[in-house]
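A.B. asks: Spelled out, the chains give:
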Amino acid sequence: MSIDVLIAEDEPSILEALDFVFQRAGWSIDSVMDGEAVIDAVRRLSPRVLVLDVMLPKRSGFEVLKQIRADRATAGLRVLVLTAKGQQQDRRVAEELGADAFITKPYSNSDVVNAVRSLLGEAEPKVAT
Amino acid sequence: MTMTLTADLVIASAVAYVGLLFFIAYLADRNTNTRAGVFLRSPFVYTLSISVYCTSWTFYGAVGSAARTGLEFLTIYMGPTLVFVGWWFILRRLVRISHEQRITSIADLISSRFGKSSSLAVLVTVLAVIAIAPYIALQLKAITSSIGAIAGASQFGRGSIEGLDETGLALAVAAGMAVFTILFGTRNVDAKEQHHGVVAAIAFEAVVKLAAFVAVGVFVLYIGGGLDTIFADAVAAGHQIHAEGTFDDRWIAMTFLAAAAIICLPRQFQVTVVENSDENHLRTASWAFPFYMLAMSLFTLPIALFGLTFLPVGSNPDMFVLTLPLAAGQDALALFAFIGGFSSATSMIILESIALSIMVSNHIVVPIMLRATSDDNIGDGQGVRRLILNARRLSIVLILFLGFGYFYLTRASDALAPIGLISFTGVAQFLPAILAGLFWRDASTKAAIAAVSVGFLVWLWSSFMPSFASSSPVVAQIMAEGPMGIAWLRPHGLFGMNGLDPLAHAVFWSLFLNTTVLILGSLITKQSPLEHIQASVFLNVFRKATGETSPIRGSATADDLFLVARRVLGHKQAVALFSQEAKRARLPWSALEPSPTFIRTLERELAGSIGAASAHVMLSKVVSGDSVSLEEVMQMADETQQAIEYSQELERTSAELRATAEKLEAANRELRRVDLQKDEFLSQVSHEVRTPMTAIRAFSEILLTERDLGPDSRERFVGTIHKESLRLTSLLDEILDLSALERGERTWENYPINAEESLDRALRVCDALARQSNTKMKDGWRVDEAIVLADPDRLSQVMINLISNAIKYNGTIAPEVEVRSRIRGKHYVVEVQDNGVGIPEEERAHIFDKFYRGRLGEAAPYAGAGLGLPISREIVSRMDGKLDLVPGTEGACFRVTLPLAETS
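As you go down the protein sequences, you meet chains A and B in turn. Residues 1 to 129 in my numbering are what the first sequence lists, from first letter to last. Residues 130 to 1033 in my numbering are what the second sequence lists, from first letter to last.
Hints should not be assumed to be uniformly reliable.
Unchecked claim - Each pair of labels, with its calculated beta carbon distance range:
(1) B:PRO1028 <-> A:ASP71: 57 to 67 angstroms
(2) A:ARG69 <-> B:SER783: 52 to 62 angstroms
(3) B:ASP1009 <-> A:SER108: 22 to 32 angstroms
Stated by the list, open to error - Calculated pairs, DSSO-like style, for lysine-lysine (alpha carbon to alpha carbon, straight line, at most 27 angstroms):
(4) B:LYS955 <-> B:LYS807
(5) B:LYS712 <-> A:LYS85
(6) B:LYS852 <-> A:LYS58
(7) A:LYS85 <-> A:LYS66
(8) B:LYS907 <-> B:LYS807
(9) B:LYS701 <-> B:LYS712
(10) B:LYS792 <-> A:LYS58
(11) B:LYS701 <-> A:LYS85
(12) B:LYS955 <-> B:LYS905
(13) B:LYS807 <-> B:LYS792
(14) A:LYS58 <-> A:LYS85
Since the hints were made in silico from the structure, they are not lab data. By construction, the Cβ of each residue, glycine as well, lies at the ideal position given by its N, Cα and C atoms.
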C-alpha cells in the first residue's frame, strides 16, 4: 500500500494548497508537519516521491534528507526540496545531500506538479486547455 | 795641562757659558727663516730639546742613585722610553690636538678639553707651580753642591764666595737664574708660544751635558782599567749592585712616574708639544730620544762603582761625576763636568720657568685682568702684551723663589733623586685627566676638578709634606703618629696601608683616589654643551670630516674684534689677520662682517697668546649673543644619540601603525559581523515574507485555473488568501517597527499613565484567544494603580504579546496563565506566568533574538515570525524599563519592570 507523494510541510495553508493540486493531478498523497515525523512516514507509506520543506520544526529538511540518503532502504527515494529562503547556498546544500529537484517558494503550482510528475516518471498528460 | 780650579773660575766659566747660550739663542731667533733655521727645526734639534728631561738629577743624581740603590736609576729612563716608543697612541694625539687648538701649556690643554674651564686651568697651574718647586730646588742644590765640591777641593777655592754659606750660594744662583730666564724667555709674546732661540740653546746644552758625562765615563773606564776591572774591584770592595729592591713596588711606581712625567711635566709638554713644528718629528724622536737616554745612562754604573771603590768612604755619591776627575787631578775635565751639570740644571730651570710662567700669566693674571677691567680700559694696543710679559717675569721670579724656599726648608736631606720623585708624583696627578680627556668622551669638568683636587691633596699630605720632616718637628710628629694621633692618616700609612715603600704608597693612593673620583664623578655628572663640544673636538681629532665647531656665535663688528686682536696679538699681526680675511671675503675692511669661521680663527689665534679659556672669555665679551645656541647643541649630539633617537622614533611610529591597523581590523571585523547580521536578517525576512506569499500565490493560481470549484472551496481559498495577506502586512509592520526601535527611534511620547489600565486592556484583548484554546486565566495579585511614564497603546502591545505567547505556547492539557502586578520599591512589576513546559535551558539565551522561535513556537500553527519578544523588549527599554525571563520557575514567567513616575 504505497502512496505516490508524501508532503512534509509545516505551514497549513501551503500544505492545503499542495494537497489540492496533487490530488487534482491524480496522485495518492499523505502529509506530515514536522521533521521527526518524516522518516516514520517514509518507512510506513513508502512514497514514490517526497516533497520536503527545508524549514521544518524539530528537524530541518536537510537533516531529514541526509538520514534518508544514509539509510539503504530509503536511499533511492526521489526527493523534491522546497525552500523559502531562496538562497544559492540552500540549493547547493540540497544538491550535495542528493536532492533530486529544488524549488524556491513562492512557486507556480504547475512547476511543482511538473517536477513531481517527472520524478514519478510519468509523461505529461494531455491537459485540456 | 794643569790649572787651579777655583770657585771664581767656575763661576766665571758658568757666566761665559751663559753668554754662549745667549749668542746661540740670538742667532737661532734671527735665522729662523734661513737655511740654518731649517736645521734648527730639524727632528734632531727637536729630539735634543726633549732631552731637557735629563736634568742635573740625571747628570749627578743618577750616579748617586746607582751608588745607593743599584739599578733603580734605570726606571727613570724606562718610563719615558715606553711612552716614546708608543708615541702613536698618546704623543701624536697630544701634538695634533694642541696644534689645532693652539694649546699653550698643560693647564691650557686640560682646561680646553674640559669646557674651557677657568677653574680647572687655575687649579692645574697652582698644582704645577707647587709640584715643580722641589724640582727647581733640586737644580739649585745640584749647582750649589757642584760649586761647593770644587771650592772644597781647592785651598784657595772659595774666592769671591768666601763668607757665603750653601744657602746664600743657592739664593745667588736662584737670582741669577731668574735674571737669565727673564732675559731669555720673555723678550716677546709669540702667537704660538714657540721659542726657537731657547730651543736651540736647550739643544746645544743637551749636546754639552751628554758630551761631558760621556767624557767622565770614558775617563773612569780608562783610569779604572776597563769595565771588568771596575766591576771586579767593586765586588772585591763589598759593593753589591743587584743586591736589593729590584722589580718591587718601588720599581713599578718609579717607572710609572717617569712615564707620566714625560707627558705631564710642564717643560716636557712645552718642548714635546708646544715647540713642536712638525708632527713627523715625533717619528724621529720616538727612537732618538730613548737612544739619547741610553747613551746618558751607559756610564752611570761604572762611575758609581768606581767612585764607591776609589773615593774615601762618606763622599757624596751625587757628586762623583765631579769629584772623580778632581781627585785624579783632571781639573779641565772637572770643569767640563761642571759645565755639563750646569747645562742640565739651567736648561731645566729656564724651560720649566718659561712653561710655568706662561701658565701663570695666561690662566691667573690675564683672567683677573679681564675681569677687573672693562672693555674700554684695557689700554692701547701694547697694553695687554706688556702686561702679559710683566706677568711672566713676575711668575719666573715667584717660581724660582718657591724653588729656593723649598731648598731652604729641606736642606738637611742630601740626596737628589727623592726630591725629583716628589715633583714627579705631583705632576702625575694630571695624567688621569689628560688620558680621560684624550680617550673618554664622558669625562666631565666637575669630575676632573674634583679628581685633580683630591690627587693634589693626597700628594700634599703623603709626598710633599713628609719632605719637611727633617726641618719641622710638627711634620715629624705627624709622620710618626698621624695628625692628632689618628694613625690611619699617617702620611706614609694612609688607611692602614703600612709596609709599602713611601713613594709607591703616595703614588698608589693619590692616583687611585684621583682616578676613582674622575670615573665616578664623570658617571654621575652631566656635561655642559661647551664641554660636550670640546670633548668631541678632542676625541675626533683624527676624524677630519667632523671639523670643529665654534662655540662662539653671534654678531660683532669687525672694529670691535680688531681692537681685541690688536690688544693681544699686536698691531702688525692683527692687521695681517684682518687683511687676509677682507681679501678672502672680497670686501673692504670697513664692510667686513666677521663670519663664524673668522671668529673661530681669531679665537684660536688669541688662544695661542693667552690660552683657550682666556681667549674664550675675551671674545665672548665682544661678540654678543649666547655662546652656544640650543640648535648647535642639538647638532652636536652624538651620532649614537641620534641613532638611538631615530630608532626610538621608528619604534614609536611603527607602534602607532600597529595600533591603527588593529583598530582598522577591529572595525573591519565589526563591519563584517554587522554585514553578516544584515544578511542573516534579510534571509530571515525573505523566509518570513515568502511563506505567506507562497500560500497566496498557490491559492490564487488554483482559483484562476480550477473552474469547477464549488462555492465553499472558493470561499475558503479566498479566506486563506486574505488571512495570509494580513499576516504579511503585520509581518512587514513588525519588521519596520523593530528596525525603527533598534535605530533608537521612538515613535511615541511617554507620559504619565496608569499602567494597570493598559494591563486590563491587554487581558480583555486576549480573552477570546484564551477561550479558544481553553486556557484558564487566573487572577493574581494586582495593584490598584501604578503611574508610569509610557504610551498606553505600546504598553498594551507588550502585555498582549506576553499574554498571547503564554496562551499559544503552553503545550499542556490544562493550560493556565496567571497575570500579577506589584510595587517593589520605586518600580512597578508585572509578571505573566504560565504552567506550560517552560523554555528549555538552551533556548533561554536566544529567546529575545529576532526571528528566534523555540521548538514550541515552530511547531505551533500560525506561529509568529519570532519578532514579538525582541519588539517588546525594545519598547520596554524605551520606557526606561526592563523585560526579562524570570529564571527557575515552573513553566515560563516573563517580567516587566517599569520605574514609577515621580508624583508631583
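A.B. asks: Looking back at the hints listed earlier, which ones does the structure fail to meet?
C.D. replies: 3, 4, 5, 8, 10, 11, 12
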